[in-house]
Structure formats: C-alpha cells, structure tokens
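Counting along the sequence shown from 1, when you hit position 155 you're at 155 in full-length UniProt numbering, and nothing is skipped either side.
Be aware that one or more of the hints could be misleading.
Pair ranges (Cβ atoms, derived) [unchecked claim]:
id, residue 1, residue 2, range
1, D176, H204, 11 to 21 Å
2, S240, S126, 26 to 36 Å
3, G139, G174, 40 to 50 Å
Everything labelled a hint here was simulated from the structure, so no lab data went into it. Owing to the predicted nature of the structure, the values given are computational and were not obtained by experimental measurement. Ideal placement from N, C-alpha and C gives every residue a C-beta, glycine not left out.
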Amino acid sequence: MRELCPERPPRILVTGELPGTAGLSIVDAVEAGWDLPVVATTVPGSAVAAGALARGLDVVVRAPAPIETIAPVVRRSRWDGVGRWGPLVAAGLLVVAAITAVVVVAGSADPRAPAEQEKEVRAQASANAGRVSLTVPRGWRERADRGDAARVELVPEQGAAARILVVAQELTPGADLEAVAHTLRRRAAMRPETFAELERGVVHGRPGLLYRERPDPDTEVRWSVFVEDGLQVSIGCQISPDRWGDLAGPCEQAVRSAAIAGR
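Construct the complete structure from the given sequences, taking the supplied hints into account.
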C-alpha cells in the first residue's frame, strides 16, 4: 500500500466492508497499540488504482455483490391473500403467482369526475389480458391501474365488493392441460387450508380445471382454468361466499366470452 500511495501516512490500516461494529473493534485495537496522530484513515479506491497503474500493474474492476432487496411490508386486507398464491399458473413445471395484491372496497371514492367514469363504462366493451380478450359485463369496468399486460381485473361500478381476474400465461412448448393439472395439484397440496381440491371440468365447452381459493374466511375465489394454443388462461371470480349469487352471472359471462388470439 505504501508503494502504491506514497503520499499517505506511513502506516495505513485497510479493511473491507465488515458487518456490524467489526470495523470499530479493529480501530479500537489499533489505537490501543499505536501512538500516531492519525490512527485510521480512508484511502479512496481511485488513489489505489492510480498508484497501481503508475507502477504498470493491471487493475481489475470487481463488481460489487447485488444488494438483497426486502419487500416492503404492506397492510393486509381481505383481498391480499389472492395476490400471494392465486391463481396457480403453470409454465411447464414452473408455477408463477401472477396476481398482485389489490385492495377492493365497495363504494370507495374515485378521484375522476362522474362524467369521465360514465364515458369509460360506455367505451369499455372488451378487455384484454395478453392474447385473451373478453367482454366486460354490463355494470362492470376494467381497473385502469393495471401493471401487467398479461392480466386484467374487472370490478363492479357499484354493489358488493367483488372482482373478476383474468390471467394469461404462455406455457413452455409441449405443455398441455395434463401437465398444468399435475403442477397445480402439487402446488395446491402445499396449502390445503387455502386451496380446495383441483377438479376436472368444462370451461364453456373447453376441457378445463376448476378449484376454489379461500385467502381468508371472508372471501372465496372460484377459478376456471383452460389451455389453448400454448396458453394457460385462468379466470377467477372473487366475492364473499354468501354473495356468490351477485357474481355468478357476470362471472359466467366473462368465462363464456373469453377468446384466444393467434400468436
């Protein structure tokens, strides 16, 4: 170090990034044994590199290790559970939780003017999630704050808190409904208290899979899943179990109108 940085003090303590108070412990130890005006000092990496280059040495830039990010803690709501686990989306043997948590509150204030809201309802005849398109039920609208083009969320203009979720997931080549069913059953078995048993069924004329999700005691999501043209389509209808009658019609319309566009 002294040869690389001759302008620095004769004794330099060099340490890397240390956890906790380890660096302070080293400084304390040095101060106990050395009687110098400046016991510890910081040497910029640029100074070391400049000295090395002046002496004809090679300098290798080492990228720092990525910093581990910590997800922010958010307030749980009756709708948050669906964001963590549903829908069960399979891509070959890969399962991806593709729905983010969204809070839906009946009668919540909308900052837009009523005229603007009505204009959106009249103009919104269909919604798209990736290659999936479907008709928006009368009295419903698409949420504008979507963050993923492969998912869409429909909410009622008024009435009980409810939503219809549509997620499109491109599958790995060769994956079919049987492969999806195998993956979903394995995934659901990990959370039996949340997911009911997966069943074979018909999703508006298509072979499909049916299951229910209970993210909390107050809400239930009924999922319909089918595979077409290498695409897994999951349609979930969420509402309080005792209000299912209010959602059955719009849910059926959404499932019935789902159409897949070619690649």
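Q) Any hints this thing doesn't respect? Which numbers, in order? A) When the structure is compared with the hints, none of them turns out to be violated.
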